[in-house]
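These protein sequences, in sequence, are chains A and B.
Using our numbering, the letters of the first sequence map in sequence onto residues 1 to 297.
Using our numbering, the letters of the second sequence map in sequence onto residues 1 to 297.
Everything labelled a hint here was simulated from the structure, so no lab data went into it.
Each statement offered as a hint is correct.
Note that identical chains are pooled: a pair holds if it fits in a single copy or bridges any two copies.
Below, a list of computed lysine to any residue pairs in the SDA-like style, where the Cα atoms sit at most 20 Å apart:
{"no.": "1", "residue 1": "141", "residue 2": "226"}
{"no.": "2", "residue 1": "143", "residue 2": "222"}
{"no.": "3", "residue 1": "141", "residue 2": "86"}
{"no.": "4", "residue 1": "141", "residue 2": "90"}
{"no.": "5", "residue 1": "88", "residue 2": "138"}
{"no.": "6", "residue 1": "141", "residue 2": "223"}
{"no.": "7", "residue 1": "141", "residue 2": "196"}
{"no.": "8", "residue 1": "143", "residue 2": "219"}
{"no.": "9", "residue 1": "88", "residue 2": "148"}
{"no.": "10", "residue 1": "143", "residue 2": "215"}
{"no.": "11", "residue 1": "88", "residue 2": "257"}
{"no.": "12", "residue 1": "88", "residue 2": "218"}
{"no.": "13", "residue 1": "141", "residue 2": "95"}
{"no.": "14", "residue 1": "88", "residue 2": "73"}
{"no.": "15", "residue 1": "141", "residue 2": "229"}
{"no.": "16", "residue 1": "88", "residue 2": "145"}
These are the residues of each chain, in order.
Protein chains: 2
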Amino acid sequence: MILAATDPYASRTERDSAIVMRQEPVVHGDGHYVDVLAEAQLQAYEQDGFLVLDGLFESREVDGWLAEIERLMHAPDIRAREEAIREKGSDAVRSIFRVHALSPMLARVMRDPRVTDIARQLLGSEVYIHQSRANLKPGFKGKEFYWHSDFETWHIEDGMPAMRAVSCSILLTENTACNGPLMLIPGSHRQFVSCVGRTPDAHYKDSLRRQEYGVPDPISLQLLAEQGGIRAVTGRPGTVVFFDCNTMHASAGNLSPWPRANLFTVYNSVENRLATPRYGLAPRPEHVATRETFEPL
Amino acid sequence: MILAATDPYASRTERDSAIVMRQEPVVHGDGHYVDVLAEAQLQAYEQDGFLVLDGLFESREVDGWLAEIERLMHAPDIRAREEAIREKGSDAVRSIFRVHALSPMLARVMRDPRVTDIARQLLGSEVYIHQSRANLKPGFKGKEFYWHSDFETWHIEDGMPAMRAVSCSILLTENTACNGPLMLIPGSHRQFVSCVGRTPDAHYKDSLRRQEYGVPDPISLQLLAEQGGIRAVTGRPGTVVFFDCNTMHASAGNLSPWPRANLFTVYNSVENRLATPRYGLAPRPEHVATRETFEPL
Chain A
1 MILAATDPYA SRTERDSAIV MRQEPVVHGD GHYVDVLAEA QLQAYEQDGF LVLDGLFESR
61 EVDGWLAEIE RLMHAPDIRA REEAIREKGS DAVRSIFRVH ALSPMLARVM RDPRVTDIAR
121 QLLGSEVYIH QSRANLKPGF KGKEFYWHSD FETWHIEDGM PAMRAVSCSI LLTENTACNG
181 PLMLIPGSHR QFVSCVGRTP DAHYKDSLRR QEYGVPDPIS LQLLAEQGGI RAVTGRPGTV
241 VFFDCNTMHA SAGNLSPWPR ANLFTVYNSV ENRLATPRYG LAPRPEHVAT RETFEPL
Chain B
1 MILAATDPYA SRTERDSAIV MRQEPVVHGD GHYVDVLAEA QLQAYEQDGF LVLDGLFESR
61 EVDGWLAEIE RLMHAPDIRA REEAIREKGS DAVRSIFRVH ALSPMLARVM RDPRVTDIAR
121 QLLGSEVYIH QSRANLKPGF KGKEFYWHSD FETWHIEDGM PAMRAVSCSI LLTENTACNG
181 PLMLIPGSHR QFVSCVGRTP DAHYKDSLRR QEYGVPDPIS LQLLAEQGGI RAVTGRPGTV
241 VFFDCNTMHA SAGNLSPWPR ANLFTVYNSV ENRLATPRYG LAPRPEHVAT RETFEPL
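Excised from the complex, chain A in its bound form (with noise of 0.2 Å):
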């Protein structure tokens, strides 16, 4: 499959950059493709683009899979992987991918239908896993992540065709207002962000620590925080943020000496399985974007 000429998502064109309308809905389907979210909060993520479940998970539960990223951040095996992203300027791991597939522990957090059933029934339909990983943004030396919308990237560098996707995020630590909280702006899912500038091939490593391409304007983000505002995620252990794939967000830095970690995974629809890359860029490895397999869970 090749996406229309006509893409409503262009991005990264010689053009200006510019506010487009989302196309698609926010809940897919009639938002009962199976029913685990009541009503207000199906209204609560279509209106804000995101959902913040407070105690979905036992802390006893987030200790042991946090004793078991810890344990494969210090794993030499797992180190020496393409998988295991270092901090920039430092030889910390700050983010493990496909931890899926390299944790059979962590794979069943993220098989676990209290999260899985809460995708189905936001994208409308089985979902498979495009992307997961564990990130531990380490103490004092953890470092800031610009604003930016994953689907702009998806959709450019992986060849998403539409926004069905659903990020879900697992805190594993206390998340305050000082170490480096998730961000997002409310409202801000309802419009695509076009970037300008195109991307180079294989920038994927890079793009990983250091933002280039993909970068929204100032006066668009400045437009969508006047609209929305800026909600920062602080929750204990075991609170869980599921965000539509175009809702942008941030993270400052930690300047804390505690770790913020948690557990990242991104459910796409069966329905809306990855086409050819924008630009004829190849596409990006397995562990950053899935391709070997669309099998529902």
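Starting from the known structure of chain A, arrange chain B on it as the hints suggest.
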């Protein structure tokens, strides 16, 4: 006057980092040099090393001061001065030093009894302005500022003898969790973190933008933060924060579109006037550390 050879607050030596107990009281004299703060407020300042006063100024006063600062930041004669500090990698002015000498309006604010009486009460004496500045952390571009004790710098680079100075920050815009608010470590003022490494001459120009010297080690910082936690000061315009010269503080980058502005005055006790800088360093310029006059306000 030359600082004693057995300086309790030695720092930037060849030795390892160390944590040294504070020698001086936090509230000086009997705490009643004047009586504007209530006993509970004095105790909170004594214990935490800072005090947040909500709504000390009216928003209509504050709006006028912010407009004055914006005027100064765009005035070509001000922008050309050494007092105007630019954001790293940008032409945006981030701070204007010595604003009490550059703007009669702002000088009046810094001499307003609503703030000077608090400084006099805390320091137990008459006070003078050691340093003043207007800070404008611009939206999106405002960078983080790492943990530091101001006293460490003022002691080593300016020859300030004792911990008998207090910083006063008047919030001029809404400070939220998302625009890089001031973060403080409660209780950190009772311990002095001796830092590693010598100071090269005339490094002040750079240090106002980037920190390499007088940086506390991560072990000491972690200890202080584990003991006291971290407090982010958020509040509406007109809120005022007083914090002890040795309270460890930092601020994250500003990822919001909204600038974070404040008016910053360091009051020093007239009984704590500057001596010779350490290690034969040349005195820093007048706009960073006043030496022209130690006359009381």
